[in-house]
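Chemist: Assemble chain B onto chain A, guided by the hints.
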Amino acid sequence: MKAGSNLEKVLEDGKFAVTAEIGPPQSANPEPLIHHAKMLKGYAEAFNLTDNQTAVVRLSSIAAAAIVMKEGIEPVIQMTCRDRNRIALQSDLLGASAIGVRNVLCLTGDHQTFGNEKSAKSVFDFDSISELYTFDKLRTEGLQSGGDKIEDPPKVYLGCAENPFATPYEFRGMRLAKKVNAGADFVQTQAIFDMDMFETWMDDVRSRGLDKKIHILAGVIPMKTAGAARYMKNKVPGMIVPNSIIDRMKNASDPKEEGIKLCVEQIETLKNIKGVHGVHIMAVMWEEIVPRIVETAGLIQRPAYK
Amino acid sequence: MIVAERKPLDEIAKMIAPYEKVAVIGCRSCVAICLAGGEKEVNMLVSAMRLKNRKDGRKQSLDGFVLERQCEKEWVKEVEEKILDSDIVLSMSCSLGTQTIGDMYPHKIIVPGLNTAIFGVPEEQGVWSEKCLGCGDCIIDTTGGICPIARCAKSMLNGPCGGSSDGHCEVNTDIECAWYAIHERLKLQNRLELMEYVRPPKNWSTSHSGGRRIIVKEDAKLTPHQKRGREVLE
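Chains A and B are the protein sequences, given in the same order.
Counted the way this note's numbering counts, the first sequence spans residues 1 to 306.
Counted the way this note's numbering counts, the second sequence spans residues 1001 to 1234.
Mixed in with the good hints there might be a few duds.
Said to hold, decoys possible - Simulated crosslink set (DMTMM-like; lysine to aspartate or glutamate; CA at most 20 Å straight-line): (1) 213(A) / 136(A); (2) 1108(B) / 1174(B); (3) 1021(B) / 1081(B); (4) 1221(B) / 1234(B); (5) 274(A) / 204(A); (6) 235(A) / 1166(B); (7) 256(A) / 295(A); (8) 213(A) / 1196(B); (9) 233(A) / 1166(B); (10) 233(A) / 258(A); (11) 271(A) / 211(A); (12) 1187(B) / 265(A); (13) 1108(B) / 1166(B); (14) 235(A) / 1176(B); (15) 271(A) / 196(A); (16) 15(A) / 211(A); (17) 235(A) / 1174(B); (18) 1217(B) / 1072(B); (19) 118(A) / 1174(B); (20) 233(A) / 1174(B); (21) 213(A) / 12(A); (22) 233(A) / 295(A); (23) 1040(B) / 1005(B); (24) 271(A) / 203(A); (25) 1227(B) / 1081(B); (26) 1187(B) / 170(A); (27) 1055(B) / 1020(B); (28) 1077(B) / 1039(B); (29) 121(A) / 1196(B); (30) 212(A) / 1196(B); (31) 274(A) / 13(A).
Claimed, not checked - Here are the computed distance ranges between Cβ atoms for each label pair: (32) 1085(B) / 119(A): 38 to 46 Å; (33) 1219(B) / 151(A): 31 to 39 Å; (34) 1078(B) / 113(A): 56 to 64 Å; (35) 70(A) / 1124(B): 43 to 51 Å; (36) 1142(B) / 119(A): 31 to 39 Å; (37) 121(A) / 1033(B): 26 to 34 Å; (38) 302(A) / 1124(B): 23 to 31 Å; (39) 148(A) / 1217(B): 31 to 39 Å; (40) 244(A) / 1033(B): 50 to 58 Å.
It is worth saying that the hints were derived from the structure and are not from the lab.
Every residue, glycine too, gets a C-beta built ideally from N, C-alpha and C.
The shape of chain A in the complex, shown without the other chains:
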């Protein structure tokens, strides 16, 4: 065991894992986090706490992790390279580990022009891969980026994201290989709507033997409206939403119900793809729907470890 997190135990045990997302609030109020933690406890192995997602200032992911841990929730803290240089990233990793955070997701981060502080100076001292590389050296060898050897290195299970739907498509399998080589233990993919394209990516991933080296959690996003589907297709870079899905949402008499049904169907399909070791449910601004999706998808019995 690298970190001994619940997520690590489930994945290393070969069980099908479930992770979901909790977005910290745009305020100093911990209540929304506590509310979501109480509601979601037991429905997934671990929950991602997003790091100023889409470059909007929010309560910090590490503080959010500390809050939800008190409620018995296991966090995955997201750490982007947009706002912190290598000094701050390593420092926060040490701090997160010290308060008991055991899962970390390494991300380059959404550019600040997407958020609510467009005039910010970006950092990008690292990218997600150099972040993984540094964090892996720090946890396994106790070696900091600058060469200092430390005692008591952080105990963390390292994750990354990958988007099979970003160009160049033919490079996306190779990019996952880079993340494996840099030290990633698990990957949560971008939300999948185009199953054929995902299967093509998985073929490439399996042919490189990557499904044996990294745990793949397939990303899904439940949608409430056809407008949400159109928005993701047209406005979110690197996201592919087939017209058939937009039409299905548009023609549904109850779009919310259709969105749930669609998400559950997607999970059913993903469960049967060789090399997929779990799902990552990103119910953005709709956290309360996660229990129902997990239940309907037949994933309610979560593995338990002492």
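Modeler: Leaving out everything else, chain B in the frame of chain A:
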């Protein structure tokens, strides 16, 4: 070359408003080629300011000059009298020229007429694109001759990120994704293995992050003896 853009007329007018005698000094180097501070642009600015002053009822004399290279002291010396005779200098060069005059005549007020923007390349008439950030440690031998530090919005060393869409950058879809371009170039050259290599964290100490940089070429420097000789000649 260094690419700059002229500041809006109102901003320039505000900077020079309190002064009567204005020396407007352009430059025939980069900023002339990028149509921001050459002879034509200096003349245009002087005419526009005169017109504006007439309309606003302000008395101000504006004289335009253009130097060969405003960032070199020898050329600046040529207009020393004009500088000393003015109340304010409006520099129409990149910030390097502006600061050269400022450092040479610290008691004079020098203001910038241009916003210095990028190390760029003319792509077609009227279009310049950024291609270098001067990081001090060039790596484009491994990226197909394309600089990801300048051409990727996130300066990624292991791109492209998940926002690369149809070969375009997520930050501005009119701009190509640098790492998409690198991938295509390396594929063309049969060197795709360079995409697979995990580039470790970059050493930024050679960039501005290491502090202000001064480059010294010892063999080109004058000896104290040579320096004295020059002073005597001058």
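Chemist: Now look at each hint and say whether the structure bears it out.
Modeler: Now the hints, each set against the structure:
no., hint, result
1, 213(A) / 136(A), "15 Å, holds"
2, 1108(B) / 1174(B), "43 Å, violated"
3, 1021(B) / 1081(B), "13 Å, holds"
4, 1221(B) / 1234(B), "18 Å, holds"
5, 274(A) / 204(A), "12 Å, holds"
6, 235(A) / 1166(B), "13 Å, holds"
7, 256(A) / 295(A), "17 Å, holds"
8, 213(A) / 1196(B), "16 Å, holds"
9, 233(A) / 1166(B), "13 Å, holds"
10, 233(A) / 258(A), "18 Å, holds"
11, 271(A) / 211(A), "14 Å, holds"
12, 1187(B) / 265(A), "38 Å, violated"
13, 1108(B) / 1166(B), "52 Å, violated"
14, 235(A) / 1176(B), "17 Å, holds"
15, 271(A) / 196(A), "15 Å, holds"
16, 15(A) / 211(A), "14 Å, holds"
17, 235(A) / 1174(B), "14 Å, holds"
18, 1217(B) / 1072(B), "17 Å, holds"
19, 118(A) / 1174(B), "19 Å, holds"
20, 233(A) / 1174(B), "18 Å, holds"
21, 213(A) / 12(A), "11 Å, holds"
22, 233(A) / 295(A), "28 Å, violated"
23, 1040(B) / 1005(B), "14 Å, holds"
24, 271(A) / 203(A), "15 Å, holds"
25, 1227(B) / 1081(B), "24 Å, violated"
26, 1187(B) / 170(A), "11 Å, holds"
27, 1055(B) / 1020(B), "16 Å, holds"
28, 1077(B) / 1039(B), "18 Å, holds"
29, 121(A) / 1196(B), "30 Å, violated"
30, 212(A) / 1196(B), "19 Å, holds"
31, 274(A) / 13(A), "16 Å, holds"
32, 1085(B) / 119(A): 38 to 46 Å, "40 Å, holds"
33, 1219(B) / 151(A): 31 to 39 Å, "48 Å, violated"
34, 1078(B) / 113(A): 56 to 64 Å, "44 Å, violated"
35, 70(A) / 1124(B): 43 to 51 Å, "60 Å, violated"
36, 1142(B) / 119(A): 31 to 39 Å, "33 Å, holds"
37, 121(A) / 1033(B): 26 to 34 Å, "29 Å, holds"
38, 302(A) / 1124(B): 23 to 31 Å, "59 Å, violated"
39, 148(A) / 1217(B): 31 to 39 Å, "35 Å, holds"
40, 244(A) / 1033(B): 50 to 58 Å, "52 Å, holds"
Of the numbered hints stated above, those contradicted by the structure are hints 2, 12, 13, 22, 25, 29, 33, 34, 35, 38, listed in ascending order.
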